[in-house]
Amino acid sequence: MASEGELTQTGYIQHHLQNLVFGNHPENGWSIAHGSEEAAAMGFWAIHLDSMFWSIGLGLLFLWLFKKAADNATAGVPGKLQNFVELIVEFVDTNVRETFHGKSDVVAPLALTIFVWVFLMNLMDLIPVDWIPHASTLIGIPYMKIVPSTDVNVTLGLSFGVFALMIYYSLTIKGPVGFFKELAFQPFNSPNILVQALFVPINLLLEGVALIAKPISLALRLFGNMYAGELIFILIALLPWALQWTLSVPWALFHILVITLQAFIFMMLTIVYMSMSHEAH
Amino acid sequence: MNINLTIIGQLISFSIFVFLCMKYVWPPVMAALRERQEKIAQSLADAEQGAQRREEAEQEVNTMLQDAKAQAAEIVAQAQKRSNEIVEESKNTARKEGERLMASAQADIEQEVVSARETLRKQVSSIAVQGAGKILGTEVNADAHAKVLDDLVGQL
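Just so you know, the protein sequences line up as chains A and B, in that order. Following my numbering, the numbering of the first sequence begins with 11 at its first residue and continues without gaps. Following my numbering, the numbering of the second sequence begins with 4 at its first residue and continues without gaps.
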């Protein structure tokens, strides 16, 4: 009996950690995956419908809310929504101004989008873990992972976007030569040309790894924090229902801090990376 | 935890959201914020200017008040002086009038006395003639003793 109970518990956890995958299965063709083996068999040509749905939905929510406030924005006495939106915008603007000293119309809206969007995606973690997956099962959707930031694809998608902007600005502002110099003549350099020639490959290796590590660490930091938080909520949900609140309430309260902090860190690092790619050393 | 197309999907939606935010959200909110900032700064400057003007006006009022007070005091002093003068003048006039009245009364009295004496003189001679007639028992001719009678009258 114990092994059976364990099995269902494992099944429960696995079910909760499985995305709704639509992809090209080698045998079934384009279809929705039933279980993790089928999803794994689909390889790269698959898409997480639930992650995309929630992430786009939350992105639209963010845009709709802020657009509404922006349309009604006046210099007079602000309403409640406008006040709230202005609070966030000013917060982001202050952080951008303090960290990013270049001139760009992109960085501040980028930071705002990241902060609010990532926060909203993280916020989904506070919805009790069973509600939406259970409701989805009732209407015939087998899997439903509602926290997009616990999907490494989503966080990687964000960080690759940031990475692409980093490369773009490095190339346009410093120029290809300047960018290459930054990678090749740091951290080791020497006035002696021969020694310098020896240093260049080492520098390229070090700086190249550092450069690649930026988007990866950016994505994995957010993913790891949110995945761990989600997993703990799922584990708490395995407790007898009458006891769950003793752990889920403190963890949820703590998690409010975590989700805000992670959204903030993602935003700040993006601003820092943008700043680095705008300024020559 | 499979790496798959979701990355691309997320990347595309991310780019679109950032673009839309850059285009439609950030500029109007920032514009409103900046406009309000200017408005508040303007209002504060206006308020300060207003306060300064009020202070100036207060000072002006104070100086005007002091001027008015000084003027009033001067006017009062002048009025007092003038009234003293008037009182003095009227006192003099009254005294003169009184003296004049007294003098005329004196003159009247003297006139009265003179006329009474005149009347008395006229009657004295006749009374004296009648008295002498009664004493002597005869008619006394007044014309005959006119000299004596005139003397008598002259003594009065």
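Note that these hints are calculated values from the structure, not bench results. Do not rely on the hints blindly, as some may be mistaken.
The following residues of chain A were derived to be distant from chain B, with all beta-carbon distances above 12 Å [stated by the list, open to error]: (1) Leu133; (2) Leu216; (3) Leu263.
Straight line, CA to CA, 20 Å or less: simulated DMTMM-like cross-link-like pairs of lysine to aspartate or glutamate [said to hold, decoys possible]: (4) B:Lys26 x A:Glu96; (5) A:Lys113 x A:Glu289; (6) B:Lys125 x B:Asp153; (7) B:Lys125 x B:Asp154; (8) B:Lys26 x A:Asp103; (9) A:Lys90 x B:Asp154; (10) A:Lys77 x B:Glu115; (11) B:Lys99 x B:Glu88; (12) B:Lys42 x A:Asp115; (13) A:Lys113 x A:Asp103; (14) A:Lys184 x A:Asp140; (15) A:Lys78 x B:Asp153; (16) A:Lys113 x A:Glu100; (17) B:Lys26 x A:Glu217; (18) B:Lys42 x B:Glu58; (19) A:Lys77 x A:Glu96; (20) A:Lys78 x A:Glu100; (21) B:Lys99 x B:Asp111; (22) B:Lys42 x A:Glu108; (23) B:Lys125 x A:Asp103; (24) B:Lys26 x A:Glu289; (25) A:Lys191 x A:Asp115; (26) B:Lys26 x B:Glu41.
From a predicted model like this one, the values you see are computed outputs, not experimental measurements. Don't be surprised by glycine CBs; every beta carbon is placed ideally from N, CA and C.
query: Taking 20 Å as the top limit, are the C-alpha atoms of lysine 99 of chain B and aspartate 111 of chain B close enough?
result: Cα-Cα ~18 Å, so holds.
message: Please check whether the beta-carbon of leucine 216 of chain A is more than 12 Å away from every beta-carbon in chain B.
response: The assertion about leucine 216 of chain A holds, with a minimum of 26 Å to chain B.
- prompt: Can we confirm that no CB of chain B comes within 12 Å of the CB of leucine 133 of chain A?
  reply: At about 16 Å from chain B, leucine 133 of chain A clears the 12 Å cut-off, so the statement holds.
task: Given the hint that lysine 26 of chain B pairs with glutamate 96 of chain A, test it: the Cα-Cα distance must not exceed 20 Å.
output: OK: lysine 26 of chain B and glutamate 96 of chain A at ~17 Å, within 20 Å.
field: Given pair status - glutamate 88 of chain B, lysine 99 of chain B, alpha carbons within 20 Å
entry: This hinted pair holds, its Cα atoms lying about 16 Å apart.
field: Pair hint lysine 125 of chain B and aspartate 154 of chain B, alpha-carbon separation not exceeding 20 Å
entry: Holds, at roughly 13 Å.
- request: Take a quick look at whether lysine 125 of chain B and aspartate 153 of chain B sit within 20 Å of each other, Cα to Cα.
  value: holds, 10 Å
- request: Mind checking the alpha carbons of lysine 191 of chain A and aspartate 115 of chain A for me, to see if they're no more than 20 Å apart?
  value: Cα-Cα ~27 Å, so violated.
query: Quick one, are lysine 42 of chain B and aspartate 115 of chain A close enough, alpha carbons at most 20 Å?
result: The given pair, whose Cα atoms are some 24 Å apart, is violated under the 20 Å limit.
message: Hint check: lysine 77 of chain A vs glutamate 96 of chain A, CA-CA at most 20 Å. Holds or violated?
response: holds, 12 Å
- prompt: Hey, lysine 125 of chain B versus aspartate 103 of chain A, does the alpha-carbon distance stay inside 20 Å?
  reply: With a Cα-Cα distance of about 138 Å, the restraint between lysine 125 of chain B and aspartate 103 of chain A is violated, given a limit of 20 Å.
Pair hint outcome, lysine 78 of chain A versus aspartate 153 of chain B [Cα-Cα no greater than 20 Å]: violated, 144 Å
In terms of the numbered hints stated before, the structure departs from hints 9, 10, 12, 14, 15, 17, 18, 22, 23, 24, 25 and 26, listed from lowest to highest.
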